[in-house]
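Line order of the protein sequences matches chains S and W. 10 is the number of the first residue of the first sequence in this note's numbering; add one for each residue after it. 7 is the number of the first residue of the second sequence in this note's numbering; add one for each residue after it.
Please note that the accuracy of each hint is not assured.
Taking lysine to any residue pairs in the SDA-like style, the calculated list, with each CA pair at most 25 Å apart, reads [unchecked claim]:
#, chain 1, residue 1, chain 2, residue 2
1, W, K589, W, G43
2, S, K13, W, V578
3, W, K590, S, I71
To be clear, the hints were calculated from the coordinates, so they are not data collected in a lab.
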Amino acid sequence: MSDKNDSYWRANVVLILSLLSVWFLVSFVCGILIVDFLDQFRFFGYKLGFWFSQQGSILFFIILIFVYVWRMNRLDADHGVDEDDQA
Amino acid sequence: MSVQFLTYLFIGLSFALYIGIAIWSRSATTNEFYVAGSHVHPVANGAATAADWMSAASFLSMAGIIAFEGADGARYLMGWTGGYVLLALLLAPYLRKFSKFTVPDFIGDRYYSQIARLVAVVCVIFISFTYVAGQMRGVGIVFSRFLEVDINMGVIIGMAIVFFYAVLGGMKGITYTQVAQYCVLIFAYLVPAIFISLMLTGNPVPMLGFGSTMDDGSGMYLLDKLDGLTSELGMTAFTEGNKSTVDMFFITAALMAGTAGLPHVIVRFFTVPKVRDARISAGYALIFIALLYTTAPAVAAFARINIINNVDSMEYAEAPNWFTRWENSGLIAWLDKNNDGLVQYRGGAALAPTKPVYETGRGESGQRMLDNEPGAGENELYIDRDIIVLAHPEIAALPNWIVALVAAGGLAAALSTAAGLLLVMSTSISHDLLKKCLMPSINERQELMFARTAAALAVIAAGLLGIYPLGFVVQVVAFAFGLAAASFFPVILLGIFSTRMNREAAIAGMVTGLTFTFSYIVFFKFISPELNNADHWLFGISPEGIGTLGMLMNFAVSLVVMRLTPPPPREVQALVEQIRVPKKQEYHG
Chain S
10 MSDKNDSYWR ANVVLILSLL SVWFLVSFVC GILIVDFLDQ FRFFGYKLGF WFSQQGSILF
70 FIILIFVYVW RMNRLDADHG VDEDDQA
Chain W
7 MSVQFLTYLF IGLSFALYIG IAIWSRSATT NEFYVAGSHV HPVANGAATA ADWMSAASFL
67 SMAGIIAFEG ADGARYLMGW TGGYVLLALL LAPYLRKFSK FTVPDFIGDR YYSQIARLVA
127 VVCVIFISFT YVAGQMRGVG IVFSRFLEVD INMGVIIGMA IVFFYAVLGG MKGITYTQVA
187 QYCVLIFAYL VPAIFISLML TGNPVPMLGF GSTMDDGSGM YLLDKLDGLT SELGMTAFTE
247 GNKSTVDMFF ITAALMAGTA GLPHVIVRFF TVPKVRDARI SAGYALIFIA LLYTTAPAVA
307 AFARINIINN VDSMEYAEAP NWFTRWENSG LIAWLDKNND GLVQYRGGAA LAPTKPVYET
367 GRGESGQRML DNEPGAGENE LYIDRDIIVL AHPEIAALPN WIVALVAAGG LAAALSTAAG
427 LLLVMSTSIS HDLLKKCLMP SINERQELMF ARTAAALAVI AAGLLGIYPL GFVVQVVAFA
487 FGLAAASFFP VILLGIFSTR MNREAAIAGM VTGLTFTFSY IVFFKFISPE LNNADHWLFG
547 ISPEGIGTLG MLMNFAVSLV VMRLTPPPPR EVQALVEQIR VPKKQEYHG
């Protein structure tokens, strides 16, 4: 495997790990682990923890996937591994 | 026009549409039959994935569960959507680059082992089969409630439709019917939600109406009002949960990893042209799914308010039509504990045992007589959770055409999922089992013929399970996720992210995860159901969430065994390096 592919893979893994920490934070932490603590705050008509667990986390999930797509397409182009490129 | 006439009309029209699409998109090659020639546009694949994924459980049952469980329902909302993040980031793009047809294909090639391939085939068939039986029952329930045909007749009609487009069209036919089915089901879900949201909060967007103030002049937020009502009646407040934090955590994680490991969902990402399409396609799929999943908790809250307002302290003799009709179907029961002729709706179980057992004859107010003992407390009302989505439009007194629309939507949800599962099973049999293991010499035409035959047999078997439901199958459906999480997810993940991961570790890991999860579930569900409570569970984890622990054990065993056994052959390591990079390239070992 070339060094170029190595650095591409490392950048990919770093991106995945940072996005997954947000994923863990909005669902498992805010929606489950500290839900009772967050429930003392209001977010419009919702208790904050309740909102995270029933609607908010889902919105974050969508954003996470689109951020990933956007960053990966740039990463592909920067490292010359885009599948449209000719070798 | 009557509800029944409109229901026939809508179901007839939607079925005609599905059949038309099936004829238009027949499959001629195995490639088209298995993965639609990998020519599906990512948006179309997103819609098809959403319909594939959202089953009778999502459409018919989920809002009902949340309506009665309140905050605890969040495990389904987060669990069944969060899995798509895992799928998009960790699995879909790499499996697309691998560009074969099935999950056992990947496992067999990556772990250079026919045994691993066979284990995967058995898991795929087991998971898909338990799952599809539930869909067929859903089809039967919709037919019998709305069209008053026999449940078995309903299953047979459903089978005939699926048979037509799955056997004829393969993946290509299924994909485009699923796109149409998504449109039908989301329309059918949103329209009543919009009407009810307008009635209760004046906000036409149900997802926002959920957090708005009531339109009754009180200026109170809907959720505060609901918390007040539920607490007043001695129930758990809607936004408070009953489940322990550790159990919520483990169940949600099992549902997420299970979603990412379900073969009929994974295979959808083989149908798009490129790696970048696989990534974005998961995003579109989640948007389409989220439209229903962010509406579901709103529907749940609206339904709970409407039920309390319409039913509590109602005189039974003046009960609305829907109430007596569902009572006649055996899904509502009323036990007049204090003999006042009024329905008291309170916290706690109305009956002991909780499910109603009817006697012949009617009580003083005309209610069906029950064989059950009265439950502790004042609650007199039993309502089956599964009826909420179907009954809510009637409870809110919406026009007949909306009631009929919901029936067509429920059928779309059940049929689309059933078709996806049947296809995965037939592919596993014709491709993984016959072509790759038992009869490698068969040609393309024979393989396609076997695929169609397997699909036909799977449809018939699923239909029989719908007609003669096996109790254990219904029980196991909920656990298919735990089993997928404990078996497939770690093996596929490590297969991509570790070049060192080898055959021995994969087999040891899968066997450990599956055996542990399966035994735990079987023990608490079938051998000693009387011990099935938090005091006896391992670390307080219920059988529903145990798949997460099984998955962690799978990971641990794999990582240890991997270090004690020889690394995989060079060409397998090269394969892993290759699927990590989108561009097609020559690799030099």
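Discussion item. Check the hint pairing W/K590 with S/I71 against an upper bound of 25 Å on the C-alpha distance.
Written reply: Answer violated: W/K590 to S/I71 is near 29 Å, above 25 Å.
Check whether the Cα positions of S/K13 and W/V578 lie no farther apart than 25 Å. Distance of about 20 Å is within 25 Å: holds.
Point to revise | Proposed proximity, W/G43 with W/K589 (alpha carbon, max 25 Å) | key: 20 Å, holds
Violated hints amount to a single one, hint 3; each of the other numbered hints is respected by the structure.
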